[in-house]
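> Use the sequences and the hints to build the structure in full.
Heads up: the protein sequence lines correspond to chains A and B, in order. The first sequence begins at 0 in numbering that gives the first Met the number 0 and counts up one residue at a time. The second sequence begins at 0 in numbering that gives the first Met the number 0 and counts up one residue at a time.
Heads up, some of the hints might be wrong.
If the Cβ cut is set under 10 Å, some of the chain A residues that face chain B in the computed set are [stated by the list, open to error]:
hint	residue
1	Thr169
2	Ala177
3	Ile179
4	Thr191
5	Lys201
6	Gly252
Bear in mind the hints are in silico, worked out from the structure with no lab data behind them. Quick caveat: nothing in here was measured; it's all calculated off a predicted structure. Here a beta-carbon is modelled for each residue, glycine too, at the ideal position from N, C-alpha and C.
Protein chains: 2
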Amino acid sequence: MKENLPVSRAAEILMQRDNITLLCHRRPDGDTVGSAFALYYALQMLGKEVRVLCADPLPEMYRYLYPDYTPSRVLEWPVEYVVAVDVATADLLGGLEEKYGQMVDLCIDHHPSNTDYAALTCLWAGAAACAEPAAAIIKAIGLPIAGRIAECLYTGLATDTGGFRFSNTTAATMRLAAEIMESGVDTARLNTCIFESVSKAKMLAEARMMSALQFYENDRIAVMPVTLAIRAETGVTGEELEDVAGIPRKIEGVLLGITIKEHEGECHISLRSKEPVNADQIAAAFDGGGHRFAAGCTIRASVEEAARLLVEEARKHLPKEQA
Amino acid sequence: MKENLPVSRAAEILMQRDNITLLCHRRPDGDTVGSAFALYYALQMLGKEVRVLCADPLPEMYRYLYPDYTPSRVLEWPVEYVVAVDVATADLLGGLEEKYGQMVDLCIDHHPSNTDYAALTCLWAGAAACAEPAAAIIKAIGLPIAGRIAECLYTGLATDTGGFRFSNTTAATMRLAAEIMESGVDTARLNTCIFESVSKAKMLAEARMMSALQFYENDRIAVMPVTLAIRAETGVTGEELEDVAGIPRKIEGVLLGITIKEHEGECHISLRSKEPVNADQIAAAFDGGGHRFAAGCTIRASVEEAARLLVEEARKHLPKEQA
Numbered sequence: 000m001k002e003n004l005p006v007s008r009a010a011e012i013l014m015q016r017d018n019i020t021l022l023c024h025r026r027p028d029g030d031t032v033g034s035a036f037a038l039y040y041a042l043q044m045l046g047k048e049v050r051v052l053c054a055d056p057l058p059e060m061y062r063y064l065y066p067d068y069t070p071s072r073v074l075e076w077p078v079e080y081v082v083a084v085d086v087a088t089a090d091l092l093g094g095l096e097e098k099y100g101q102m103v104d105l106c107i108d109h110h111p112s113n114t115d116y117a118a119l120t121c122l123w124a125g126a127a128a129c130a131e132p133a134a135a136i137i138k139a140i141g142l143p144i145a146g147r148i149a150e151c152l153y154t155g156l157a158t159d160t161g162g163f164r165f166s167n168t169t170a171a172t173m174r175l176a177a178e179i180m181e182s183g184v185d186t187a188r189l190n191t192c193i194f195e196s197v198s199k200a201k202m203l204a205e206a207r208m209m210s211a212l213q214f215y216e217n218d219r220i221a222v223m224p225v226t227l228a229i230r231a232e233t234g235v236t237g238e239e240l241e242d243v244a245g246i247p248r249k250i251e252g253v254l255l256g257i258t259i260k261e262h263e264g265e266c267h268i269s270l271r272s273k274e275p276v277n278a279d280q281i282a283a284a285f286d287g288g289g290h291r292f293a294a295g296c297t298i299r300a301s302v303e304e305a306a307r308l309l310v311e312e313a314r315k316h317l318p319k320e321q322a
Numbered sequence: 000m001k002e003n004l005p006v007s008r009a010a011e012i013l014m015q016r017d018n019i020t021l022l023c024h025r026r027p028d029g030d031t032v033g034s035a036f037a038l039y040y041a042l043q044m045l046g047k048e049v050r051v052l053c054a055d056p057l058p059e060m061y062r063y064l065y066p067d068y069t070p071s072r073v074l075e076w077p078v079e080y081v082v083a084v085d086v087a088t089a090d091l092l093g094g095l096e097e098k099y100g101q102m103v104d105l106c107i108d109h110h111p112s113n114t115d116y117a118a119l120t121c122l123w124a125g126a127a128a129c130a131e132p133a134a135a136i137i138k139a140i141g142l143p144i145a146g147r148i149a150e151c152l153y154t155g156l157a158t159d160t161g162g163f164r165f166s167n168t169t170a171a172t173m174r175l176a177a178e179i180m181e182s183g184v185d186t187a188r189l190n191t192c193i194f195e196s197v198s199k200a201k202m203l204a205e206a207r208m209m210s211a212l213q214f215y216e217n218d219r220i221a222v223m224p225v226t227l228a229i230r231a232e233t234g235v236t237g238e239e240l241e242d243v244a245g246i247p248r249k250i251e252g253v254l255l256g257i258t259i260k261e262h263e264g265e266c267h268i269s270l271r272s273k274e275p276v277n278a279d280q281i282a283a284a285f286d287g288g289g290h291r292f293a294a295g296c297t298i299r300a301s302v303e304e305a306a307r308l309l310v311e312e313a314r315k316h317l318p319k320e321q322a
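In structure tokens, the structure reads:
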């Protein structure tokens with residue numbers, strides 16, 4: 000790893016440039032767009048020519064951050080200085096990699112896995128969100144954390160921490176959120192946009208999946224099938240189903256939640272456990288793996304057969320019940 | 000209102016007492032038990048005899064705050080100094096009101112509606128949670144915000160703010176959470192206990208309700224029936240259904256979510272809207288009311304008929320669709 004660029008230096012460099020292209024990672028989330036647009040608005044206030052580019056469309060749910068932004072309008076501009084925001088590796092640029100992968104001048108990031116692909120990298124590996132180094136750079140530029148900049152940064156913080164709930168959240172994350180709130184941003188409104196929004200297809204799919212929950216071993220094991228029929232009948236996308244594996248473990252008393260996603264010819268299994276059940280060991284019995292409380296494996300069988308095999312194995316890993 | 004007691008004075012008074020009874024409000028939530036137990040552990044560290052009492056059983060989901068606490072053991076102690084925690088009115092003491100309602104020496108609270116029923120009141124009306132004045136008192140006593148005290152305070156903050164999402168959350172709330180995190184508390188684990196926990200009955204009831212969603216006016220109105228059959232077949236309690244009214248509005252594109260709870264002979268209606276739909280006006284058409292985005296009414300009709308009447312009225316309040 001080359002030397003890590005201090006935020007003060009990153010701020011100086013950005014202030015010296017007149018035409019800056021900000022790049023988000025593919026499949027953009029709230030942190031990459033929030034951090035990029037925070038810098039976009041800050042640099043615009045300095046009179047720079049700035050644009051934000053992303054290989055995939057900017058998410059509609061974060062439209063409040065860029066209500067009037069039309070990237071196509073600026074695509075023909077000359078590329079002068081290129082800044083990747085929250086992009087850990089060049090291939091995460093997606094469709095932008097071919098054009099920009101070798102010409103990233105500065106990368107602002109928080110992923111410990113950053114591959115140092117840019118000419119200069121300002122990496123805060125302990126930060127919960129890229130919004131944290133982005134905020135520090137904006138402050139080093141001398142601009143206040145307020146208005147739309149603050150909304151962008153809050154969106155980055157809130158989305159990457161699951162609403163300040165995940166273990167990546169630090170005291171510094173909370174203090175930056177406090178600063179943002181003090182600037183007068185209506186964070187309750189932002190939280191509604193971020194957390195109270197689900198597609199009709201996903202809600203109907205979740206209803207189907209939750210209705211189909213099966214319980215075993217005195218309700219200590221819950222199995223949730225995600226069949227091809229549910230996907231076909233509701234129109235839910237694979238991406239929308241990425242976070243459903245947490246559902247069965249939420250149920251009081253459930254020590255192991257098993258989510259079975261049906262694919263052609265095989266099932267993809269997600270295991271989520273609570274103390275003292277080790278999900279990793281159960282996944283290992285099917286040549287899978289993971290962590291103590293979250294693991295996965297693939298089973299080439301029907302949903303019903305996969306469920307039977309998994310429950311049979313999982314039984315051995317449950318604690319003895321008290322009489 | 001009598002004079003508001005400063006936290007420094009509340010701390011002095013508590014330090015002078017040897018036997019302190021802390022009272023929670025009835026139907027205890029995370030803030031009343033979190034704030035009371037934070038004070039309990041703090042006062043125990045000072046060598047005081049302390050107990051926490053509540054008219055209703057302490058919630059099992061917050062058991063991590065009081066793993067070894069058995070209130071019955073201390074019920075026979077002499078009552079010397081009585082402190083109500085997060086209790087806005089004497090009748091919120093529930094079954095404890097008769098014995099203690101007239102003898103509350105000190106009330107520590109954050110509700111602007113506090114009726115000043117105690118001899119002394121330390122009220123932080125701008126605080127999101129009672130955990131905020133409780134923390135200030137503990138600091139004024141000279142104790143660190145750490146360990147189990149910090150876990151209790153975090154639980155109060157996180158529950159009363161819906162995980163720092165509601166509009167009552169302030170910069171001070173976030174800064175206190177930052178202090179708590181700095182003390183080394185595993186807030187991610189606490190968040191799992193607080194937010195990732197739902198009864199089997201409630202999950203199955205939600206699945207049924209979500210499956211039964213009906214959509215009108217190009218999916219801009221969503222109606223969710225909560226029938227007596229759903230309640231009977233899942234065993235979900237009325238209390239568990241209190242927060243379901245937010246579900247239909249979560250759906251992208253829905254401008255008005257209507258939740259219809261069937262009771263004997265009538266339906267209780269919750270309306271939740273988004274800009275520009277005024278829920279209050281729709282409720283008013285049925286002699287109900289509320290706020291712009293959250294209102295309610297009662298309709299003496301079947302679920303189907305109530306839905307028909309509500310949708311008919313709601314149509315008039317939707318914006319014109321763009322061609």
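> Each hint should be assessed against the structure and marked as holding or not.
Against the structure, the hints:
1. Thr169: 6 Å, holds
2. Ala177: 4 Å, holds
3. Ile179: At 8 Å from the nearest chain B Cβ, isoleucine 179(A) passes the 10 Å test, so the hint holds.
4. Thr191: Status holds, d = 8 Å.
5. Lys201: Since the shortest Cβ distance to chain B is 9 Å, the answer is holds.
6. Gly252: At 7 Å from the nearest chain B Cβ, glycine 252(A) passes the 10 Å test, so the hint holds.
Comparing the model with each earlier hint shows no violations; every hint is respected.
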